[in-house]
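Listed below are the residues making up each chain.
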Amino acid sequence: MGSYIFKRVLALVPILIGVSFLVFTIMHLSPGDPASLVLGEQATAEQIAQKREEMGLNDPFLVQYGNYVFKYVQGDFGQSYVSNRDVATEILSRFPNTVTLTIASMIIAIGIAIPTGIIAATKQYSITDNVATVLALLGVSMPNFWLGLMLIIGIAVPVQFIPTGGMKVAYTLFGNIKIPTLGSIILPAITLGTGAAGIIMRMTRSSMLEVVRQDYIRTARAKGVSEKVVIRKHALSNALIPIVTVVGLQFGYLLGGAVLTESVFSWPGVGRYMVDSIKTRDMPVVIAGVIFMASVFTIVNLFVDILYAYIDPRIKAEYKKG
Amino acid sequence: MIKKDKKDATSKTYRGPWAELWHRLKKNRLSMLSLFILAGFMVISIISFIAVETSIGQKIFEGTVFDYQNVVGQNLKRTLEMPSSDHLLGTDSFGRDTLARLVYGARISITIGLSSVFTSVLIGGSIGALVGYVGGRVDNIIMRMMDVFLAIPSILLAIAIVSSLGSALPFLILAIAIPSIPGFARITRAAVMTIREQEFIEAANAIGASNIRIVLKHIIPNSMAPLIIQSTLSIAGAILSTAGLSFIGLGVKPPMSEWGNMLSEGKNFITTDPFFSLITGLTIVVVILSLNILGDGLRDALDPKLKN
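Chains as they are written, first to last, in the working numbering: chain A, 1 to 322; chain B, 1 to 308.
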């Protein structure tokens, strides 16, 4: 197992280099001149030229990229063009809020999707199954920012203790991890989690349906094992493997998808910070934000893969052999 | 031959693969309904195009919901109205007809959806077909590059592209197309690799068919099925991404109407006129739901496991 994990972690390095290179290249194609952006409209040509030199913009592209990555791995994401603040500090201070929102929406998604998926599969083609399937499809088909808007007018406006946006802090842990009040996180979490709930429910249902048809389930039933135990122990534990993959993937997507939800609810996370920065053309924040979130996404996927190996004995066995 | 006989035994008529697909899809009522709805939106988009872009169309559709004047014409005396006989779906904060803007938005969304998916199928499909057929080191290098694209959540990649290049229509299409290229490449590659090993390819090789002929005549037509399913679902994704980008101000810019930027405007007056946001969002939901149902229906119809 150790060698498997080591191999997977090692495989992460070229991906992360690739991601940073890709994002840096895309941003480099931007037509604006960063130096004149920093200095403002009144700057003279001389000042701009000097600033360009200072910022290293006259260096060859690969040198600029190399310098950027070299600083990035040391935790220096550069300075914001607009506020002049340290981008790394700004992103890291908002990141826990994004994670909190993602976890909350994942809890909602899993809490709804997996039980519903199991029930739908065990009662295939029943009314419950049909309703659940339609709802899941609806969840996947809804733009989550629209759902957010509807929840705001439908719930936040009439209900007193649920705010229409922003994050109300209930506790603060370790100085910068803020635990929001239930009222302020519930709507953003539902908004973000609905799409994922739909996808997870569909996966749970189809995966359960496939497992339930297997011979070993018939054997278990023939032995007289109760239906509850058949579903819980024999079916679910085998159906879980593809579900875990989807949940893991969704977790990563939610981190990215949080951009829109955070904008709707003015949630103080990385996504909203990035959107605000795009509007002011604050490129260092956008570059660092995308690279940072993509890295988190990749690392989460790696964890899922490793977890996968723990759940699926076949992968474990493969690596024990050689 | 044996296969065909077997088929004849179960169903009396033998259909070609496309006719067979259509036959199975026809049995699925929900899919047919979705297809019908989508066809309706297609027709509306085409009429909207004719009514706005051609001079004859402008004359014919003058004063109707397709009239561009209704899409952009402001009337500050009649803002945020509820549905009436003048304005079937009411008006927005500038007094513009909501139905006219939704109709015009359909055209924008469908254009972006179709052209971005077309772009990613073309690029992703070609890459997948190439590396799947050639294999070896080329396959390895290109698929690792695809992994890099897959490592960035698609909405973030799209955001990065439009925030750098701007949101002119071609860039917007590109921004939405690029993140789905690796998906198409993977699917095509997998399909091509399976088909490559089959006997009829060996047979084609044996009678001296060229590589290009084998790829174009045998491999591509036989690997179309998964691509079609993925395309249908991708159009849904593309329309959602466009709306999402426009919602945060990175996509289609006002006064051009697009569903996402309409919702973004609606957000400002949501407490006084929730109907506007409701109806705009529902339009998106209907289209996306139809595409998803059609995609599911196509998958069921194409899935060989469900055959017979």
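These aren't lab readings, by the way, just hints derived from the structure by calculation. It cannot be assumed that every hint is accurate.
Going by beta-carbon spacing under 7 Å, a handful of chain A positions derived as facing chain B [claimed, not checked]:
id, residue
1, A45
2, W146
3, S263
4, T298
The list that follows gives simulated cross-link-like pairs (lysine-lysine, DSS-like), each with its CA atoms no further than 25 Å apart [as the list claims (entries may be wrong)]:
id, chain 1, residue 1, chain 2, residue 2
5, B, K217, B, K77
6, B, K267, A, K279
7, B, K267, A, K168
Where a beta carbon is used, it is the ideal one built from N, C-alpha and C, also for glycine.
Q.
Are any of the numbered hints broken by this structure? If so, which, sorted upward?
A. 1, 5
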